[in-house]
Structures are given as structure tokens and as C-alpha cells.
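*Asks:* Chains as they are written, first to last, in my numbering: chain X, 1 to 198; chain Z, 1 to 198.
Check the hints yourself; a few may be wrong.
As the list claims (entries may be wrong) - When the alpha-carbon atoms are kept at most 25 angstroms apart in a straight line, the in silico SDA-like pairs for lysine to any residue are as follows:
| no. | chain 1 | residue 1 | chain 2 | residue 2 |
| --- | --- | --- | --- | --- |
| 1 | X | K14 | Z | I138 |
| 2 | X | K43 | Z | E67 |
| 3 | Z | K83 | Z | I138 |
| 4 | X | K18 | Z | H33 |
| 5 | Z | K125 | Z | Y102 |
As the list claims (entries may be wrong) - Per the computed footprint, the stretches of chain Z lying under chain X, defined by three or more beta-carbons under 8 angstroms from a beta-carbon of chain X, are:
| no. | region |
| --- | --- |
| 6 | 7 to 20 |
| 7 | 30 to 38 |
| 8 | 43 to 56 |
| 9 | 60 to 72 |
As the list claims (entries may be wrong) - Examples of chain Z residues toward chain X, derived with CB under 8 angstroms:
| no. | residue |
| --- | --- |
| 10 | G4 |
| 11 | S26 |
| 12 | I94 |
What the hints contain is simulated information worked out from the structure, not anything from laboratory work. Glycine included, each C-beta is placed from N, C-alpha and C at the ideal position.
2 protein chains.
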Amino acid sequence: MIKGFPAVMAKLIKEFSKMPGVGVRSAERLTFHILKSSAEDVKALSRYIGEVKERVQFCEKCNNLSECEICSICSDNKRDPGKLCVVSSPNGVIAMEKANAYNGLYYVLLGELSPLDGVGPRELKIEGLLKRVKDENINEIILSTNFTTEGETTALYIMKLLEPFKIRVTRLARGVPVGASLEYADGATLQRAYEERR
Amino acid sequence: MIKGFPAVMAKLIKEFSKMPGVGVRSAERLTFHILKSSAEDVKALSRYIGEVKERVQFCEKCNNLSECEICSICSDNKRDPGKLCVVSSPNGVIAMEKANAYNGLYYVLLGELSPLDGVGPRELKIEGLLKRVKDENINEIILSTNFTTEGETTALYIMKLLEPFKIRVTRLARGVPVGASLEYADGATLQRAYEERR
Chain X
1 MIKGFPAVMA
11 KLIKEFSKMP
21 GVGVRSAERL
31 TFHILKSSAE
41 DVKALSRYIG
51 EVKERVQFCE
61 KCNNLSECEI
71 CSICSDNKRD
81 PGKLCVVSSP
91 NGVIAMEKAN
101 AYNGLYYVLL
111 GELSPLDGVG
121 PRELKIEGLL
131 KRVKDENINE
141 IILSTNFTTE
151 GETTALYIMK
161 LLEPFKIRVT
171 RLARGVPVGA
181 SLEYADGATL
191 QRAYEERR
Chain Z
1 MIKGFPAVMA
11 KLIKEFSKMP
21 GVGVRSAERL
31 TFHILKSSAE
41 DVKALSRYIG
51 EVKERVQFCE
61 KCNNLSECEI
71 CSICSDNKRD
81 PGKLCVVSSP
91 NGVIAMEKAN
101 AYNGLYYVLL
111 GELSPLDGVG
121 PRELKIEGLL
131 KRVKDENINE
141 IILSTNFTTE
151 GETTALYIMK
161 LLEPFKIRVT
171 RLARGVPVGA
181 SLEYADGATL
191 QRAYEERR
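Next comes chain X alone, as it looks inside the complex:
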């Protein structure tokens, strides 16, 4: 029981403080904000929270987040169906879309291989990927898993699986971030940037 607050405020503070990066203090501040907000804003917030949970599902074709069975990207016929960008999570799709550089389709693995955490190939959505490579007319697979140990392992694993298909498989380039100065780039990144210079 949080002293001094009306019961329903105490309950809301408890719910808010379950959210990532929200401590009790921030939860109190958010609760006061709700009190001060307009009735319409509060209604909208409350409704969208429920709707996100009820409506958002995984696209049956690419496993991306979607409000329909097939997501808006998969059903967009202006996109190049010959390119398939493989990412670990819906966040990857969002990052790529924000960058505004890619016009093909996606496939979301919904995970990355991590043997130490008990995540093997069975935990990822790999079958659907192989099925698409067999059934569809794909020219290029762009492996866009993260550049972490787990992401690199996953990329290597999928690269091996795709070998029999004689398909072009690429990986996003590694290097110094745009706008960064050399002195702040770490050694491993600089080494890669040098090896893969062009």
C-alpha cells in the first residue's frame, strides 16, 4: 500500500512501475500526469493500450507485427518481391524502414540463436523462411540480424542453410557509423572497416 494516495492511484502507480525504465518515482509522476490530462487524452491512452494488445498480431507471411493476417509491407505490391531482408525482431523492420533505403520484403525470425540461453534453431521461425525461398522467386537474401555474437551466429547458421539454394546472400556492411569520428570507434569496428574498405 502506497501511503497517502487514493487506492486507485496506488494501483495505477503499481502498474506503471512494472514498465521498463519506470521506477516508483516516475510512476507517481505519470499518475499525476494522468490526473491533470484532458479526459479525451486519458480515454485515448486507455483505449489504445487495450487495442494494441488485442489487435496486434504476427503477420502470417513474415512474422512482422501487424493488425491484419498479412502485414502492410507484405501486401504492398509496390515493393520488390525479389529481395528478402531477414531480421531478428520487429524492431529490425522498424529500423530498416526508418532508414528509408530498402524497398524489398522482410522476414522476421522472432529471435537469435543463443545456445547459452537455451535458444536453438527450433525456437526461431526458420521453416517459414526456407519455405519462402523454395516457393517464391527471390533473388537476394539480405541478412540483417544484429552485429552481436547472437546475431552473427544466427546469420552464419542461416547462410549455411541457404547454401543449397544457390541464391545471392548478403549481409549489411559493418563500419564506422556515419557522423562518427574515428577516435570514438572501437577497435573491432575499425578493423572491420579497414578490411571491408572500398
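Based on the hints, put chain Z in the right spot on chain X.
*Replies:* Leaving out everything else, chain Z in the frame of chain X:
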């Protein structure tokens, strides 16, 4: 339009990012958290947000936040009705209650005098305070507005108003915070702590 997100997620991200201290990035993280949370947690969060706005009102006696016309503190007959602690906002009540040192009643002014921001005595709930001092059998008023310029001004103003009533009026002590080392206390605090030594 936030690219890559299903429409309802984009709407929720927009609502979350209206909250204090929540940028677009945090709003995205909170939205993903909602997606991953259990259906019960999401239902609870959505419901409590609506309920806080619908149910919480100001206590008719002390202006504190309450779910009833009279708040739980004012209607608690185990508290000392002879002591009245005057605070600027419901936050003040909560802070005092957390400290667990006070067993009297409260009066919330719902503001502090700030002539530069156009907040004069009329904007505060001062009449209700004077009425209570007249009508009830109060022995002591503890002025617990903030120790900021606005809070001190408000305390001084109310002290003047209460002079005719020949009632004991006190102010919370100023000094070095418990657990703080002297070297980090600011000069004004140390000066006060020295003057008000006991």
C-alpha cells in the same frame, strides 16, 4: 506517421510520448512492453488509467486527492483534529505521510503564490483554510509549503492572515538533510542550520 509500426501501435506511441520524461524512444519501448505483457496486466493498466481520471477528486474538506467527497485522512477519527498541516499540493500530503511523523489533519492550498506567473491569493484555496480555523478547534497550524521562494512567500502570507486568530503557527525546521555530509550542503542551508541550532 511512425514508419513500420501498425497504426494502433503508432497511436499508442504518440500518446505515451505526451507523458512527462517520455521521449519517442521510451514510448516505443513502453509500447513493446504492452505487447509482451500478459492480457491481465494490460487490462488492469488500461482500466486504472480510466478510473484514476474518473474517480479521483478533491476532498471537500482539505482539497487533498480522494475517491470520496471527504478523503480518508479527514474521515479518520484516530487522527488529532487539533493539528492542521498546510501544504501546497497533494504531493506535500504524500511526502508527510511517507515520513510517518505526523498524526494530525491536512489542508491543501492547491498552489503557491507566484506573482510573476500571475498566481495571487485568489488562485489558492485560502478561504477554506480561514473557515476551518474559525469553525474548528485547532491548536496548531504547521506551515509546510515548499522551501522555495514561492513556498516561503506563501507561508509568510498565510502567517500574516492567521495573526488575528491567536493560534500557534509553526513552520517545518530547515537544516542539513539527515544522512547528508556537511561538505555537500549549500551555504544558505548551512546558515539556516546554524541560526536555528538547538
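*Asks:* All hints are to be evaluated individually against the structure, with a verdict given for each.
*Replies:* Each hint, compared with the structure:
1. Annotation: proposed proximity of K14/X to I138/Z is violated, straight-line Cα distance about 36 angstroms (limit 25 angstroms).
2. With a CA separation close to 19 angstroms, the supplied pair K43/X and E67/Z stays within the 25 angstroms bound.
3. Of the supplied pair hints, the one linking K83/Z and I138/Z holds, its CA atoms being roughly 6 angstroms apart against a limit of 25 angstroms.
4. In summary, the hint linking K18/X to H33/Z is supported, as the alpha carbons are separated by about 9 angstroms, within the 25 angstroms threshold.
5. Distance check on the hinted pair: K125/Z and Y102/Z sit about 22 angstroms apart at the alpha-carbon level, within 25 angstroms; holds.
6. Only residues whose beta carbon comes within less than 8 angstroms of a beta carbon in chain X count, and the region 7 to 20 of chain Z has 10; three or more means the coverage holds.
7. Residues of the region 30 to 38 of chain Z lying with their CB closer than 8 angstroms to a CB of chain X number 7, which satisfies the three-residue condition for coverage.
8. Coverage of the region 43 to 56 of chain Z by chain X holds in this model, with 13 residues showing a Cβ closer than 8 angstroms to a Cβ of that chain against a need of three.
9. A count of 5 residues in the region 60 to 72 of chain Z with a Cβ less than 8 angstroms from any Cβ of chain X is obtained; the coverage claim is therefore met, three being the minimum.
10. Taking 8 angstroms as the C-beta contact cut-off toward chain X, the hint placing G4/Z at the interface holds, the least distance being around 4 angstroms.
11. Given the 8 angstroms rule on beta carbons, the hint for S26/Z holds: about 6 angstroms separates it from the nearest Cβ of chain X.
12. Among the interface hints, the one on I94/Z holds; its C-beta lies about 4 angstroms from the nearest C-beta in chain X, closer than the 8 angstroms criterion.
Hint compliance for this structure: hint 1 alone is broken.
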